[in-house]
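Enquirer: Be aware that the sequence shown starts at 1, since it is given in my numbering, and climbs by one per residue.
Rather than coming from a laboratory, the hints here were simulated on the basis of the structure.
None of the values given here were measured: they were computed from a predicted structure.
Possibly wrong hints are sitting among the right ones.
Said to hold, decoys possible - Below, a list of computed lysine-lysine pairs in the DSBU-like style, where the Cα atoms sit at most 30 Å apart:
1. 48 <-> 71
2. 36 <-> 71
3. 48 <-> 111
4. 168 <-> 36
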Amino acid sequence: MRKRWIALIVVAAVLLVAVIGVYWAGRSLFHMPTAKGVDSVIGELGGKRVLGVFAHPDDEQTVNGLFWRAKQQDGAYTAMITATAGEAGHQVPVVARQQDLGIVRTAEALKNSFNLGVDEHEVWDYPDGGVPDADEQEIVDRLVAAMKRTRPDVVVGFWPASGATGHKDHMQMGHLTERAIAQLARDGGAYTGPGHLVYTISPTPALSMFGGEQGRLVVENQPDPEYAMSAETGKKLEGWRIHASQEDYLQSAYSLPAWLVYLLWDQEFYHVRDLAADPLR
Numbered sequence: 001m002r003k004r005w006i007a008l009i010v011v012a013a014v015l016l017v018a019v020i021g022v023y024w025a026g027r028s029l030f031h032m033p034t035a036k037g038v039d040s041v042i043g044e045l046g047g048k049r050v051l052g053v054f055a056h057p058d059d060e061q062t063v064n065g066l067f068w069r070a071k072q073q074d075g076a077y078t079a080m081i082t083a084t085a086g087e088a089g090h091q092v093p094v095v096a097r098q099q100d101l102g103i104v105r106t107a108e109a110l111k112n113s114f115n116l117g118v119d120e121h122e123v124w125d126y127p128d129g130g131v132p133d134a135d136e137q138e139i140v141d142r143l144v145a146a147m148k149r150t151r152p153d154v155v156v157g158f159w160p161a162s163g164a165t166g167h168k169d170h171m172q173m174g175h176l177t178e179r180a181i182a183q184l185a186r187d188g189g190a191y192t193g194p195g196h197l198v199y200t201i202s203p204t205p206a207l208s209m210f211g212g213e214q215g216r217l218v219v220e221n222q223p224d225p226e227y228a229m230s231a232e233t234g235k236k237l238e239g240w241r242i243h244a245s246q247e248d249y250l251q252s253a254y255s256l257p258a259w260l261v262y263l264l265w266d267q268e269f270y271h272v273r274d275l276a277a278d279p280l281r
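With these hints in hand, go ahead and build the complete structure from the sequences.
Expert: And the structure:
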């Protein structure tokens, strides 16, 4: 009997070591060694007013931790702009008539940002998948007007050459956000733009392994992040439940349930541009 118990203990120990090894190997796929761990990126930058500029409903899922902590810990005023209603999206699962999807996803985005404590959120009506074909100056002018009204000292958005996922709408909104900030600086006036532009960065090892062609595009074109912070994974899971039309996106895209993805991917990564030292032109 004693030998049997010893054998069971040895087997259990081996299994435990194997599980821990698999966990840390998986977690390493979502680790960025250049990034310094901070409690809050906005707190680190001294931000008091934060504006996020995105392309689609559910894009804010990439920045849950940043916005949640900006509000709850740093007491910042937070706002978001989403350029499209996401009407061309693929439903996973199907929750509405496709012709009504833009209405549904607009509501999902507004509910999710409310759940993150965001003070205000505009969802615009540019075509989902067609942002690169829309009038660039019109979008820039709308972004300039929104920034003059909300007066952010930090703007959060997409790196133009990669867009976090390789989506062309993401990349174009990143580009136009930079254009709007540059225009504000050139125009002068009472408000000349934010002090920092913060880009959301995707974990390179995971994209290299699972991201396919678009993942490679992102890996080859995004900068290394300077900061890592908690992803507030509980808020991310809540967010996918709120985004009911996209709730199974991670399972569909990566064949992994959301809870398992966030068990491994528990940090958000950011590249920060100090616009006083490195202005946009």
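Enquirer: Each hint: holds or not?
Expert: The hints, checked one at a time:
1. 48 <-> 71: Given that 30 Å is the threshold and the Cα spacing comes to 9 Å, the pair holds.
2. 36 <-> 71: The hint holds at about 21 Å.
3. 48 <-> 111: holds (23 Å)
4. 168 <-> 36: holds (29 Å)
Consistency note: the structure conflicts with none of the earlier hints.
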